[in-house]
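A.B. asks: Each protein sequence line maps, in turn, to chains A and B.
So that you can map any letter, position 79 of the first sequence is 59 in our numbering, and since no number is skipped, the others follow by simple counting.
Position in the second sequence (first residue = 1) + 243 = our numbering.
Rather than coming from a laboratory, the hints here were simulated on the basis of the structure.
The structure presented is a predicted model; accordingly, all values stated were derived computationally and were not measured.
Glycine included, every Cβ here is placed at the ideal spot set by N, Cα and C.
Hints are supplied without guarantee of correctness; some may be wrong.
Stated by the list, open to error - Computed, partial: chain A to chain B, Cβ under 7 Å: (1) L(-9); (2) I57; (3) I83; (4) E87.
As the list claims (entries may be wrong) - Computed list of lysine to any residue pairs in SDA-like fashion (alpha-carbon distance at most 20 Å, straight line): (5) K(-17)/A <-> Q285/B; (6) K51/A <-> L21/A; (7) K(-17)/A <-> E288/B.
Listed below, chain by chain, are the residues.
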Amino acid sequence: DVKVTQSSRYLVKRTGEKVFLECVQDMDHENMFWYRQDPGLGLRLIYFSYDVKMKEKGDIPEGYSVSREKKERFSLILESASTNQTSMYLCASSFRGRSGNTIYFGEGSWLTVV
Amino acid sequence: DAKTTQPNSMESNEEEPVHLPCNHSTISGTDYIHWYRQLPSQGPEYVIHGLTSNVNNRMASLAIAEDRKSSTLILHRATLRDAAVYYCILRDGLRAGNMLTFGGGTRLMVKP
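Pulled out of the complex, with its shape left as it was, chain B reads as follows:
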C-alpha cells in the first residue's frame, strides 16, 4: 500500500486558517485520498476525501496537487474543538476490503 507522510504536530491560533500537509509520492491512479481526525478519547471520524479534484465540505477543504503526490487539508477557521490528530490515508479503489491503513497523523494544537 502507498504510504503517506505527515508532520508529527502543528500549532494554530483560534479562528485562523490551518493548512495540514500530506505527502504521498507513491500514490497510484486508483488511490483515493482520505482525511480522518480523532478527537481525544473518541474513535476517528471522517473529514473529507478526494481523487483528483479539490473538494469542499462543511468541515474542511482538500487541495490536491496536480501530480497527486501531495495534498493539503484546509480548516478555514480553527476552533478549540478542532484540536485532534489528523490522519491522511490512501484507500485503494480496487481492493474489496477498502480498509484504512493509518499512519502516525498530525497532532493539531489550537491556541486560544
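One chain only, chain A, in its complex shape:
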C-alpha cells in the first residue's frame, strides 16, 4: 500500500515561531509537493521538488522554505509563523515522467498560528 505520511495531524504554534512540517513517502518517488488548502481558495502549490536537493517555487512560496536532503523526505519550513499561515497543509508525491502518473497525498496537517 502506497503511503505519504505527514508527521503531525494538528499543530498549534505561536506567531514568530519556526515551524517544521515533515513528510515522508515510501514509494521511491522523485517528485514531492507541498500544498496549502483554504476555504474558498482550494489547493495552492507552495513548493515542489523533483529530486534530492532540488526545489522549485510554486504559486505561493512567500513565507515558506523547503528542504529535501533525502529522497523520501520533504520538509516545509515556516521561518517565522504568522496568523495568515493558519491553514491545512498537504504533502504529495509522484514518479517523475509522463503526466499520467498518479499523485499520492498525505492526510494533511492542520496548523493554527495564534
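Dock chain B against chain A, hints included.
C.D. replies: Quick look at chain B alone, frame taken from chain A:
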C-alpha cells in the same frame, strides 16, 4: 496552464448514476485529464485519468469528448461514501514537475 471549469455543486440520489462534467476548452495535445476527489478531512485521492480514449476502472468511468474540450466523470452507482469534492485537472505531459493545479471542484452531495 490550461484551465478547467466545473459546476460548484451537484446532488445525486444514492444508488443512481452521477455524471460530473468538466470543460477544458484550451486543452493542449499533451495534457492528460485527471480526476481526483477529496473526502471530508482527508487529502485528495486519485480517481481516474485519460488522454484521448474513454477509460474505466473500479471506481469510475471517464468519457472524453472527441475534440477533448470536455470530459465527464461517471460514477455508476453513487453511495453515501462518494460524497466529496471532485476535481478535474489537466496535467501537462511535457512538464518535468507534473504538478497538479487544482480548481474549485464540484461538491457532490449524495442523498439517501
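A.B. asks: Tell me if the interface restraint on I83/A is satisfied: Cβ within less than 7 Å of some Cβ in chain B.
C.D. replies: I83/A check passes; min Cβ-Cβ to chain B is 6 Å, inside 7 Å.
A.B. asks: Check the hint pairing K(-17)/A with E288/B against an upper bound of 20 Å on the C-alpha distance.
C.D. replies: Within the cut-off at roughly 12 Å; holds.
A.B. asks: Please verify whether K(-17)/A and Q285/B have alpha carbons no more than 20 Å apart.
C.D. replies: holds (14 Å)
A.B. asks: Next pair to validate is K51/A with L21/A; report whether the Cα-Cα distance is within 20 Å.
C.D. replies: Cα-Cα ~30 Å, so violated.
A.B. asks: Given L(-9)/A as an interface hint, is the shortest Cβ-Cβ distance to chain B below 7 Å?
C.D. replies: violated (15 Å)
A.B. asks: Hint I57/A vs chain B: min CB-CB distance below 7 Å?
C.D. replies: For I57/A, the interface hint is violated, since the closest Cβ of chain B sits about 20 Å away, which is over 7 Å.
A.B. asks: Report holds or violated for the interface hint on E87/A, using the least CB-CB distance to chain B and a cut-off of 7 Å.
C.D. replies: holds (5 Å)
This entry does not satisfy hints 1, 2, 6, going by the numbered hints stated previously.
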